[in-house]
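Visitor: Given next are the chains, with one letter for each unit.
Number of protein chains: 2
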Amino acid sequence: MTIDEQVQYLRKGAIEIIREEELRGKLERSAKTGKPLRVKLGADPTAPDIHLGHTVVIRKLRAFQDLGHTAIFLIGDFTGLIGDPSGKTATRPQLTREEINANAETYKRQIFKLLDPDKTEIRFNSEWMQKLGSDGFIRLAAHITVKQILERDDFAKRLAEERPIALHELLYPLTQAYDSVALEADVELGGTDQKFNLLLGRNLQREYKQEAQVAVITPLLEGTDSVQKMSKSLGNYIGISEPPSEIFGKIMSISDDLMWRYYELLTDLTIDQIAALRGVADNGERNPRDIKAELAKKIVSDFHSDAEAQRAEEEFNRIFRNKQAPDEIEERIVAFGDRELRHLLVELGLASSNAEARELIKGGGVSLDGERCNLQTKYSISIRPGKPGHDIKVGKRRFVRVRGPK
Amino acid sequence: MTIDEQVQYLRKGAIEIIREEELRGKLERSAKTGKPLRVKLGADPTAPDIHLGHTVVIRKLRAFQDLGHTAIFLIGDFTGLIGDPSGKTATRPQLTREEINANAETYKRQIFKLLDPDKTEIRFNSEWMQKLGSDGFIRLAAHITVKQILERDDFAKRLAEERPIALHELLYPLTQAYDSVALEADVELGGTDQKFNLLLGRNLQREYKQEAQVAVITPLLEGTDSVQKMSKSLGNYIGISEPPSEIFGKIMSISDDLMWRYYELLTDLTIDQIAALRGVADNGERNPRDIKAELAKKIVSDFHSDAEAQRAEEEFNRIFRNKQAPDEIEERIVAFGDRELRHLLVELGLASSNAEARELIKGGGVSLDGERCNLQTKYSISIRPGKPGHDIKVGKRRFVRVRGPK
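Residue numbers (the numbering used here), protein chains in the order written: chain G, 37 to 442; chain U, 37 to 442.
A few of these clues could be false.
Since the list gives no way to pick one copy over another, a pair counts as held whenever it fits inside one copy or between any two copies.
Said to hold, decoys possible - No farther apart than 30 Å at their CA atoms in a straight line, the calculated lysine-lysine pairs in the BS3-like style are these:
| hint | residue 1 | residue 2 |
| --- | --- | --- |
| 1 | 68 | 265 |
| 2 | 68 | 245 |
| 3 | 334 | 183 |
| 4 | 68 | 334 |
| 5 | 265 | 71 |
| 6 | 144 | 442 |
| 7 | 442 | 48 |
| 8 | 398 | 183 |
| 9 | 68 | 423 |
| 10 | 167 | 149 |
| 11 | 231 | 183 |
| 12 | 149 | 183 |
For the record, the hints were derived by calculation from the structure and aren't laboratory data. In this text, all values refer to a predicted model and were calculated from it rather than measured experimentally.
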């Protein structure tokens, strides 16, 4: 690849590169000297359960690796060992060394499905942060101003709203920025929520007389609901450790629009290849559903294998597309009439209350006639004489065919 | 002494006690349990050259010691070892361990003229600050909010004026506050410029489930010019290591108003005793000059000895009061006429330029006929036929009698 092609390859799906001309310069120098770039991706030590949302930036790291550069997967164990000393952030629990090590192993098992272990450094920032000492920490803090750090969106907002900010909270972004100094990072990757921290890293490196890292900002991936950012707590996520049939089914449940975004952010297809696919879908040459199945297979292959992806597709087709029920099918008779989906779930004993039914739907665990249900749609199920019944699937195993009395 | 008398004794000369009822409670408990209070005074490791301005708060520490409590003289070596990493504050140079130890010895030599060495703990805050580590430091910072610390006057002012504040500057007051936690201080003493830090200590101790220290705030002492705070850089100071005759002479040069303030802040006389002295001065029963000489002797005694104080007075009287010149007298003849003092100094070769003459006067180094000169007065020296000459003293040794031609 020429440098131009490399830049184009790395730019795919990125929201912003600060600055692209610097990236070009670094790539050129690396090509000339043969010295690979050091590309940093920081990870929160508390959340080793990776979903597709996380893989956007991991794939970007892989892209650098594909071009021969060094991927550095940095586990922020130093902050993990401290936690939130004020006890106000539930998302920052204090972890033990053992928990962090266990999380690191879980991370490795997952990220090495995308990354090449031989070209990946796994690092822990306690290595240099603990050496720093309290005096070193103060010296570090001398390199930035209070104003610089209070400009971060969430701090600025909290200050404006007069909500308290504990002093130590200002120190965490500084820690992350110093990681780039310690690692002599050439590039740091991160989602849009990390932009401030990545730029602080650039400033701090300059303070330490290093060349500033290039910040490559990736977008946050929408979850299966097409609306909100993919997140475990919102229940709209696809975990990379989920079984093949689950991943396949969840991908099949997304909207066609979201499918193109997933193609861009979750596959190696080039922009041109994706545009071509879109063309044949738009002119009716191919059914979007088939293109979605292709995406689902690709993603299952990434985290399992081609064979398992194949099996997942066949299973999916057997159950949903061909409307053939699996072996465990159960037929249930209900009175004629129209019902909301959640009421029907309760009536069938598949949920113990409307609230639980709602949670099941919200969690993506309910399918109606082969389509995964979502909370946005109000599903009305008609049971009429002479009409076919409906297939309802709850969770992985429960499959019910419901119809009216004969 | 009753508790009431103790409180009154400790209150003398203090600007503010936060809070007096808490101090009373602590004194009562100490009397009951026999456990002395721990009274902290922090010292800057960069400036071991003590002048009378510093002794106001040291005398307050002595007052606690007189009542049986433990004086803790804390040398802030931790911050001294760091200095100002941003290099922007000249007043915070980075010191070596050796420099700090040398400064500590200089401190001891001076403060033990007022304090009882057997009842004084000399401590260094590196003892606990270095143990803290970078992680402990972050935990510490979690105990206060950004708002709390930005409320400090100088920070608030700089923020308002959009002048930069380096992040580490926020960490120094926190260090001082944590010293109180580490020392389990019952009382902390400090000048008005320390009020914020002392109150932060109270807050932090509560965070660490300790009883809050009482803050005893002492005033800043005016220098020999009666106007500005005593300070080495302003040249209006009286160093406690100066020779007896210098201290004596400088005290004799202060205004009568300032004399009463010095009586209050620099002697053990009670408020009532000072009021009585003031009474006899006001009704003409005693000459204020004699009362001033008494003050000068007391202060010389504090830092030298009674005998040296006596000798200093006699020497002063011999030279100035009785207009007898010392042995080193030098007579100089000048033309008749009136001259400004500074011009005369140049004429006599006692200063090389008007500017130097001005500096000498400003520095308090010039006396005219036994009175220390100041910049506020425009001294006109008349040399007239048949009139006596004038005595001019420059520095410690140079003494010139100037008169007209015979």
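Visitor: Hint by hint, say whether it matches the structure.
Guide: Hint by hint, here is what the structure shows:
1. 68 / 265: neither (40 Å within a copy, 64 Å between copies)
2. 68 / 245: For residue 68 and residue 245, only the intra-copy Cα distance (23 Å) is at most 30 Å; the inter-copy one is 61 Å.
3. 334 / 183: neither (46 Å within a copy, 51 Å between copies)
4. 68 / 334: neither (35 Å within a copy, 80 Å between copies)
5. 265 / 71: For residue 265 and residue 71, the Cα distance exceeds 30 Å both inside one copy (37 Å) and across copies (61 Å).
6. 144 / 442: The answer is neither: 55 Å in one copy and 104 Å across copies each exceed 30 Å.
7. 442 / 48: So residue 442 and residue 48 fail the 30 Å test inside a copy (57 Å) and across (102 Å) alike.
8. 398 / 183: Intra 42 Å, inter 40 Å, cutoff 30 Å: neither.
9. 68 / 423: neither (71 Å within a copy, 93 Å between copies)
10. 167 / 149: neither (33 Å within a copy, 42 Å between copies)
11. 231 / 183: both (17 Å within a copy, 25 Å between copies)
12. 149 / 183: For residue 149 and residue 183, neither the intra-copy (41 Å) nor the inter-copy (46 Å) Cα distance is at most 30 Å.
In the structure shown, a violation is registered for the earlier hints numbered 1, 3, 4, 5, 6, 7, 8, 9, 10 and 12, in ascending order.
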